[in-house]
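Student: Each chain, written out:
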Amino acid sequence: MANEKPVILEVKNLKVHFPIRGGFWNRVVDNVKAVDGVSLKIHRGDTYGLIGESGSGKSTTGKVIVGLQESTSGKMFYQGLDVTDKKARKKINYNREIQMIFQDPELSLNPEKRIYDIIAEPLRNFEKLSKEKEKMRVINLLDIVGLGPDSLYKYPHQFSGGQRQRIGVARAVATNPKLIVADEPVSALDLSVQAQVLNFMKKIQKEFNISYLFISHDLGVVQHMCNHIAIMNRGRIVEVGTKDDIYNHPLHIYTKRLLASIPEADVNNREAHRQNRIEVEKFFEDNKKDYYDENGAPLPLIQVSETHLAAVPESAVRGDD
Amino acid sequence: MNETDATLERLEKEAKENSAPSSLRLMFNEFKADKMAMISLIAIVAFILYVIIASMFINVGKSMETNIMGYFARPLSPGYFLGGDAGGRSIADQIIVGSRNSILIAIGLTILSSTFGVCYGLFSGYFGGIADLTMQRVYDFMMIIPAFMIIIEIVNIIPSYNAITLTLILSLFYWMGTSRLIRAQTLSEVNKDYVSASRASGTGTLKIIFKQIMPNLSSLIVVDTTISFAENIGVETGLSYLGFGLPNGTPSLGTLIANANDADNITTYWWTWLPATIEIVLLCLAISYIGAALRRATNSTQRRSED
Amino acid sequence: MWKTILRRVLIMIPELIILSVLVFILSKQLPGDPFTGSINPKSSPGQLHHLMQINGLYDPWYQQYWNWVIHLFHGDLGNSYEYQEPVSAIIASRAINTFWLSLVTMIMTYVIGIPLGLYAGRHEGKLQDTLVRIYSYVTMSVPFFVVLVLGCWIFGYDLSWFPTTGSVSPQASGFFGVFISRVYHMILPATLGALFATSGITQYLRSGVIDARNSNYVKTAQAKGVSMDDIYQHHILRNALLPIAAFAGYSITGLLGGSLFTEQIFSYPGMGLLFLNAVNFRDYTVMTALVLLYGLLSLLGTLLSDIALSVIDPRIRVE
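As you go down the protein sequences, you meet chains C, W and Y in turn. Numbered per the numbering used here, the first sequence spans residues 215 to 535. Numbered per the numbering used here, the second sequence spans residues 644 to 950. Numbered per the numbering used here, the third sequence spans residues 36 to 354.
Bound conformation, chain C alone:
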């Protein structure tokens, strides 16, 4: 079923390589291929999950999309407009439409700034509101994330981790962006608080029709939030599809491994679950060489269905489904 909604952001063959210097003259001897050919399309209203372990390149991809990191090659399009170049982004006030929620609630809010100034920062950069209108808007945003106006003149250290993340969400929503890149927004929070923040994010999405690029390593959290998921490994996307495709018809061995490792609070089937995990792990080790090329990089993606792509060898597609 083709997605009728318009495309907000498209990334084509994105590569981000970090040079490694060595030798006497500090020449570039090699590259760390953080992102090595990633393409994705995010539609209006999507919650697009980008999953992978640390070092997979998912955070870097997120940073490129927000404009915090320059790409080495590849192209990026916002509503059809080429925004690969920094100047192009500046011209259209790109960050008004594409915002970010950061992972660490301790570090993502400036400890020397009051909440009012923190949330108002994007407003002051992109919209010229009168002082009263600005203040009302900030109070409004605080209300949306469940915080009272008494927070206005407080400092970040006066809030808990969960509250700080909510402030971060309020800041991201301030200019009513079309896309928010959420980089592991709940990974640093206690489990009980995670649900609360995620629910606020969902509520905001419905109310303002915002798309999310939800970056995480936790397939369990993603299941709750995302309708479209891409799995990243070693700088490339190894599988991408709808929630149903990924959770019910996983094809890549890495995806299967990730799914098997989702913790389950099912005491009675504990042993079966553990057995399954060990089997999947063994299968992964045995068949690794088929799924990765001679350099250790994942294979190119093959279209399996209209929504589902996987970086698997031809045999796997023909074999099982």
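Each hint should be verified, as a subset may be incorrect.
[Claimed, not checked] So, partial list: chain W residues that the calculated Cβ filter (under 7 Å) puts toward chain C:
#1 S662
#2 S706
#3 A840
[As the list claims (entries may be wrong)] With a straight-line cut-off of 30 Å between C-alpha atoms, the simulated BS3-like cross-links for lysine-lysine are:
#4 C:K347 to W:K850
#5 Y:K161 to Y:K259
#6 W:K659 to C:K300
#7 W:K656 to C:K368
#8 C:K345 to W:K675
#9 C:K417 to W:K835
#10 W:K675 to Y:K161
#11 C:K349 to C:K247
#12 W:K675 to C:K349
#13 C:K305 to W:K656
#14 W:K854 to W:K835
#15 C:K247 to C:K470
#16 W:K675 to C:K342
#17 C:K347 to W:K659
Note that these hints are calculated values from the structure, not bench results. All C-beta atoms, glycine included, are put in the ideal place defined by N, C-alpha and C.
Dock chains W and Y against chain C, hints included.
Tutor: This is chains W and Y only, laid out in the frame that chain C set:
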């Protein structure tokens, strides 16, 4: 409209009641609780004000004229409260005007070198890469050159100079300590997410450096400036002591202490140099004490309540 | 490791060049000829102009710079107009004095600073520690030359414990007699000059001792029954000495800068006093040579320390 205004006012009041003081304010509150430090601060400010005001009543030209009658006048003799020097000039007058000169130059030097040092450290730390490397090389080089000797050379080359130009020249050589401190702190701040968040919010580079990062360094800057002030007093006075500071005829604490160079003076006519020396010691000790108290205040407010 | 050392040495070359250019530019502003000393700087402007023309001082600047550098490589620093002698000879005798004074100052720094630091760390929180901390605070706050003046007055003139001028007593005779006299003359200036630097070492050692006392390996040693004395000597001191020694090179800049004041106050015939006299007598050749020499020595000192620090593990509590 009125209803929204009223709501806004009420909310504003609520918010203000719940506000907390900034870290600088916290530090000063902590500092105010330190009795000794407050006494030092008041004493120093009082002294500086006294010196500035009193020097306005002294005719410098007349005071610096030689007066044979007052040749090494003893202290507490009429007209010579602190005695007279070899030229019969009143030591008391010289100390007041000299203190004013030396202190003002030290203040000017501190302001200039601190400002430059902070900016240098901020830019060096924020931009990193080639800019930082180059700036560090410049820093290394400045640390190598013999500052005093070069200043003395410059002072001898320039046909004429006054207190202001002297301060400018001095500030070329004394910014390095501050910049190193600031750079180190900036480097650790730059990697924190709130800086990235500011960039993603569209804030310009200069605003990020001065409005986002610098406030996090504010306590550091205050402590460093205070301690630098104590050190900088020694710069102009040292130069004047050697004879190369302020132009001849302008009194300075250094020129007074230089009276100790003569072997006779140092014991027989002790009043020519001892008062100035004692004054410098007390002044520097007091300022350093305030600096140490500020640093203690910063450290104790560092650990705020975190959840 | 050799790569780092080589790279560090190579960086010295542009630093040297810039230093020489800076000195050159500065000295060009002085009247007469500060590079060879062949022209009396006190002549009238008319005479100066004439003399300078004859001696090729209106050649393009790069030519003059190059000539000067070539002369430097041959060890020729020009002639002092005041003394009508080669500058290198004049400096050489004074340099020895400054060298010895600086060396003794550095030794005093360690002799005073290290035991004080260890002592204070051992008795943390007690009266002894507080006294040492007060001492550190006082010597660091007060300007360097003021400490020297006061010390000279109290110990030199008032109490007459030490001589206050010169490097050696004119009555001293015999190798040993001269040696003792020299040392005797150096003790007061060296000790006073060392006071400022001792605070740094004292604080460093003090915190090192306190950190180590709370560390696991010392607690283990204590539990095993090793005496505290042994612990201090074998474990703590040894670990701290290496970085302290490595920092020695950096202190050269400070020592040289301080020599101006020390030698002035104590009338000690070294390079510092030579420089001050040269300025007063407008002996520009000597001035220029000394500025260059001081810069060069600082450069070498920082180079040695940088290399030493990169050789020993920089993780050993070196900030």
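Student: Determine for every hint whether it applies to the structure shown.
Tutor: So, going through the hints one by one against the coordinates:
no.	hint	in the structure
1	S662	holds, 3 Å
2	S706	violated, 49 Å
3	A840	holds, 5 Å
4	C:K347 to W:K850	holds, 23 Å
5	Y:K161 to Y:K259	holds, 26 Å
6	W:K659 to C:K300	violated, 40 Å
7	W:K656 to C:K368	holds, 13 Å
8	C:K345 to W:K675	violated, 35 Å
9	C:K417 to W:K835	holds, 29 Å
10	W:K675 to Y:K161	holds, 27 Å
11	C:K349 to C:K247	violated, 44 Å
12	W:K675 to C:K349	violated, 34 Å
13	C:K305 to W:K656	violated, 40 Å
14	W:K854 to W:K835	holds, 15 Å
15	C:K247 to C:K470	holds, 24 Å
16	W:K675 to C:K342	violated, 41 Å
17	C:K347 to W:K659	holds, 18 Å
Against the hints set out earlier in the document, violations occur for numbers 2, 6, 8, 11, 12, 13, 16.
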